[in-house]
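Chain residues, written in single-letter form:
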Amino acid sequence: AQSVTQLGSHVSVSEGALVLLRCNYSSSVPPYLFWYVQYPNQGLQLLLKYTSAATLVKGINGFEAEFKKSETSFHLTKPSAHMSDAAEYFCAVSDRSGNTGKLIFGQGTTLQVKP
Amino acid sequence: GAGVSQSPSNKVTEKGKDVELRCDPISGHTALYWYRQRLGQGLEFLIYFQGNSAPDKSGLPSDRFSAERTGESVSTLTIQRTQQEDSAVYLCASSLTVVAGPSTDTQYFGPGTRLTVL
Chain L
1 AQSVTQLGSH VSVSEGALVL LRCNYSSSVP PYLFWYVQYP NQGLQLLLKY TSAATLVKGI
61 NGFEAEFKKS ETSFHLTKPS AHMSDAAEYF CAVSDRSGNT GKLIFGQGTT LQVKP
Chain G
116 GAGVSQSPSN KVTEKGKDVE LRCDPISGHT ALYWYRQRLG QGLEFLIYFQ GNSAPDKSGL
176 PSDRFSAERT GESVSTLTIQ RTQQEDSAVY LCASSLTVVA GPSTDTQYFG PGTRLTVL
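Chains as they are written, first to last, in the working numbering: chain L, 1 to 115; chain G, 116 to 233.
Isolated chain L (complex conformation):
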């Protein structure tokens, strides 16, 4: 079975500081991994995804994530936080075993950006 664990339900950073949101996965097959962002009262928006190509994936709004098989991790980073980055972030793995493509989500991390 596949699963995702996001370490830290709340992360607070100062504007301009590094953003690091942690995600670890468990998967018996090569995973497809995703980061989604959810702004208040909005649906989820895809930030980036890893689908077995380059291990360093660049996404929208300056975010990137690195797939590390040895660490079973897919942490999300951004060099300099902006106030508009305040949102909830979800890491997910695609369930490829049943070939349905359904996503298995972590519990989410709320990012607070302080001025």
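These are calculated hints, taken from the structure and not from any lab test.
Don't take each hint at face value.
Claimed, not checked - Partner residues are not named here, just some residues of chain L that face chain G (Cβ under 7 Å, in silico):
| hint | residue |
| --- | --- |
| 1 | Y32 |
| 2 | Q42 |
| 3 | G43 |
| 4 | L44 |
| 5 | L46 |
| 6 | S94 |
| 7 | T100 |
| 8 | G101 |
| 9 | K102 |
| 10 | F105 |
| 11 | G106 |
| 12 | Q107 |
| 13 | G108 |
What the hints assert, rightly or not - Computed Cβ-Cβ distance ranges for the label pairs, DEER-style:
| hint | chain 1 | residue 1 | chain 2 | residue 2 | range |
| --- | --- | --- | --- | --- | --- |
| 14 | G | E183 | L | K114 | 43 to 51 Å |
| 15 | G | S202 | L | A54 | 40 to 48 Å |
| 16 | G | T128 | L | L20 | 36 to 44 Å |
| 17 | G | T128 | L | A53 | 42 to 50 Å |
| 18 | L | S14 | G | E129 | 41 to 49 Å |
| 19 | G | D133 | L | S14 | 46 to 54 Å |
| 20 | L | N41 | G | P170 | 29 to 37 Å |
| 21 | G | K172 | L | A53 | 31 to 39 Å |
| 22 | L | A17 | G | E129 | 43 to 51 Å |
Glycine is no exception: its CB is placed at the ideal position from the N, C-alpha and C atoms.
Start from chain L and add chain G according to the hints.
Just chain G now, with coordinates in the frame of chain L:
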């Protein structure tokens, strides 16, 4: 182009009533998913459609929950005899197809329906 839309955006109902939630996927997307997001939690998968068939219903929490889809278009999630624990945001997502190929695995989400059962 138009994204995934859901209606209503908010629904307040009394315990024991039936509710219907609607999802309009992106045109041409054959795959459609329903997820549930309880307060402070991640998303839970409910059901997956490929066209109008539902090969994976494993996430439906009880037989009070059902869903249908018309062709490759609208889907309706029905909850009968609602209970307070059904209160959540119900999210719908669509994707082009689940046939192997990274570019087709992205799911596009609607804004959700917030269901409150009193």
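Hints, verified against the model:
1. Restraint check, Y32(L) versus chain G: the minimum CB separation of about 6 Å is within 7 Å; hint holds.
2. Satisfaction of the interface hint for Q42(L) is found here, the shortest Cβ-Cβ separation to chain G being roughly 6 Å, below the 7 Å cut-off.
3. Proximity of G43(L) to chain G holds as hinted, the smallest CB-CB distance being about 4 Å (cut-off 7 Å).
4. For L44(L), the interface hint holds, since its Cβ comes within 7 Å of a Cβ in chain G; the closest pair sits about 4 Å apart.
5. A hinted interface residue such as L46(L) counts as satisfied when its beta carbon comes closer than 7 Å to some beta carbon of chain G; here the least separation is about 6 Å, so the hint holds.
6. Below 7 Å, beta-carbon pairs count as interface contacts, and S94(L) has one with chain G at about 6 Å; its hint therefore holds.
7. Given the 7 Å rule on beta carbons, the hint for T100(L) holds: about 5 Å separates it from the nearest Cβ of chain G.
8. For G101(L), the shortest C-beta to C-beta distance to chain G is roughly 4 Å, which falls under 7 Å, so the interface hint holds.
9. Using the Cβ-Cβ criterion of 7 Å, the hint placing K102(L) at the interface with chain G is satisfied: the shortest such distance is roughly 5 Å.
10. A cut of 7 Å between beta carbons decides the hint on F105(L): the least distance to chain G is about 4 Å, and the hint holds.
11. Because the closest C-beta pair between G106(L) and chain G is about 6 Å apart, less than 7 Å, the hint holds.
12. Of the supplied interface hints, the one on Q107(L) holds, with its beta-carbon coming within about 5 Å of a beta-carbon of chain G, less than 7 Å.
13. Interface hint at G108(L): satisfied, since its Cβ lies 5 Å from the closest Cβ of chain G, which is below the 7 Å cut-off.
14. Remark: the range hint 43 to 51 Å for E183(G) to K114(L) is upheld by a beta-carbon distance near 47 Å.
15. For S202(G) and A54(L), the Cβ-Cβ distance of about 41 Å falls inside the hinted range of 40 to 48 Å, so the restraint holds.
16. A C-beta distance of roughly 41 Å is found between T128(G) and L20(L), which places it inside the suggested range of 36 to 44 Å.
17. Range check, T128(G) to A53(L): about 45 Å between beta-carbon atoms, so the 42 to 50 Å window is met.
18. A C-beta distance of roughly 46 Å is found between S14(L) and E129(G), which places it inside the suggested range of 41 to 49 Å.
19. In this structure the supplied range 46 to 54 Å holds for D133(G) paired with S14(L), their Cβ-Cβ distance being about 49 Å.
20. Hint check: N41(L) to P170(G), Cβ distance near 32 Å, so the stated range 29 to 37 Å holds.
21. K172(G) and A53(L) have their C-beta atoms about 32 Å apart, which keeps the hinted 31 to 39 Å range intact.
22. A hinted range of 43 to 51 Å for the beta carbons of A17(L) and E129(G) is consistent with their spacing of about 47 Å.
Hint compliance for this structure: no hint is broken.
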